[in-house]
Amino acid sequence: MELIFFLFLSIVCVASATNILVQRHPIYSALSLVLTFISLAGIYLQMHAEFIAVMQIVIYTGAIMVLFVFVIMLLNAKAEDKIPDKLSFLKYLGMPLVVLLVGVVGVKVFESLSGESITTSSILDVTGNTQAIGKLLYTQYALPFEVTSLLLLVAIVGAIVMAKKEL
Amino acid sequence: MIPVSYYLLLSAVLFAIGVFGVLIKRNIITIFMCLELMLNAVNLSFVAFARSFSLFDGQVFVFFVMAVAAAEAAVGLGIIVAFFRNRLTLNVDEADLMKG
Numbered sequence: 002m003e004l005i006f007f008l009f010l011s012i013v014c015v016a017s018a019t020n021i022l023v024q025r026h027p028i029y030s031a032l033s034l035v036l037t038f039i040s041l042a043g044i045y046l047q048m049h050a051e052f053i054a055v056m057q058i059v060i061y062t063g064a065i066m067v068l069f070v071f072v073i074m075l076l077n078a079k080a081e082d083k084i085p086d087k088l089s090f091l092k093y094l095g096m097p098l099v100v101l102l103v104g105v106v107g108v109k110v111f112e113s114l115s116g117e118s119i120t121t122s123s124i125l126d127v128t129g130n131t132q133a134i135g136k137l138l139y140t141q142y143a144l145p146f147e148v149t150s151l152l153l154l155v156a157i158v159g160a161i162v163m164a165k166k167e168l
Numbered sequence: 863m864i865p866v867s868y869y870l871l872l873s874a875v876l877f878a879i880g881v882f883g884v885l886i887k888r889n890i891i892t893i894f895m896c897l898e899l900m901l902n903a904v905n906l907s908f909v910a911f912a913r914s915f916s917l918f919d920g921q922v923f924v925f926f927v928m929a930v931a932a933a934e935a936a937v938g939l940g941i942i943v944a945f946f947r948n949r950l951t952l953n954v955d956e957a958d959l960m961k962g
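Protein chains in written order, with the numbering used here: chain A, 2 to 168; chain B, 863 to 962.
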């Protein structure tokens, strides 16, 4: 049952990710990407990473993709043109390389990890993982957490500078 | 129980689709979406390893990756808007001059 659920979600995930590349108009690509993110959130839920699943939906599909769709609408993006002939060899060069990438990673993964399976540890399920993540975030990872807030501040300033008419 | 290698393989496939998209797409917004897809693929393997080792550190890192992705989206889309304002196109092949 669990495996069927996982297979269903991963097929949806890979199919919608492929659809991003197939579609010529960016708005359809963006909507496919939303579907990819939602199916990934389902996979996180299945792994009992509830906090991450909710963050995935709130941040990625809720914030980032809305921003994408907003920019696509704002710039009135058109469907992209066909790749000019002088560059179409890249497509045929890229495809085998990508297959090679998946092959190499897959072989390595199955060589080294084929025995291990995801354990359902009792500790993980007792307190709900949001509490545990929060504890880690404010003790062991307190410094990276603060640095992240600095990064967000820099990003805000950067976005405003980029969007200004005159620098 | 699902082996952790299945999750990693899915992550590898998603990452490869993202790489392929960056290679073949000419629209700067679509390229940017493929970058987000690659970040998500990495997040998936973080969560899979966190689950397999019964640790939460991996999930904390996913949190950081998401924060960086949000910052990157804000700045990146700002750059895209500035790029479009200067060249009136979204095609990356038009961006072949440092100054122009």
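Worth flagging that the hints you see were computed from the coordinates, not collected in a lab. Heads up, the beta-carbon is just placed ideally off N, CA and C, and yes, glycines get one too. Just to be clear, a hint being listed does not mean it is correct.
Unchecked claim - Residues from chain B that face chain A, not an exhaustive set, calculated with beta carbons under 8 Å:
#1 Y868
#2 L872
#3 A874
#4 V875
#5 L876
#6 F882
#7 T892
#8 R913
#9 V922
#10 F925
#11 A935
#12 A957
Checklist entry - Minimum Cβ distance from A935 of chain B to chain A below 8 Å? => result holds, 5 Å
Checklist entry - Taking the closest Cβ pair, is A957 of chain B under 8 Å from chain A? => result violated, 14 Å
Next on the checklist: So, as I understand it, the hint says V922 of chain B touches chain A; can you test that by seeing if any CB pair is closer than 8 Å?
Outcome noted: holds, 5 Å
Next on the checklist: Next item in the hint list is V875 of chain B. Is there a CB on chain A closer than 8 Å to its CB?
Outcome noted: holds, 6 Å
Checklist entry - Does the CB of L872 of chain B sit less than 8 Å away from some CB of chain A? => result holds, 5 Å
Next on the checklist: Would the hint on F925 of chain B be counted as holding, given a Cβ-Cβ threshold of 8 Å to chain A?
Outcome noted: Check passed: Cβ of F925 of chain B comes within 7 Å of chain A, closer than 8 Å.
Checklist entry - Close enough to count: is the Cβ of L876 of chain B nearer than 8 Å to one in chain A? => result holds, 6 Å
Checklist entry - Holds or violated: is the Cβ of Y868 of chain B closer than 8 Å to a Cβ in chain A? => result holds, 7 Å
Next on the checklist: Holds or violated: the hint that A874 of chain B contacts chain A, with Cβ atoms closer than 8 Å.
Outcome noted: OK, holds: A874 of chain B within 8 Å of chain A, min 4 Å.
Item to check | chain A contact restraint on R913 of chain B - CB to CB distance below 8 Å | outcome: holds, 5 Å
Checklist entry - Does T892 of chain B pass the interface check with chain A, least Cβ-Cβ distance below 8 Å? => result holds, 5 Å
Item to check | Hint check: 8 Å Cβ-Cβ cutoff, F882 of chain B to chain A | outcome: With a minimum Cβ separation of about 4 Å from chain A (threshold 8 Å), the hint on F882 of chain B holds.
Against the hints set out earlier in the document, a violation occurs for number 12 only.
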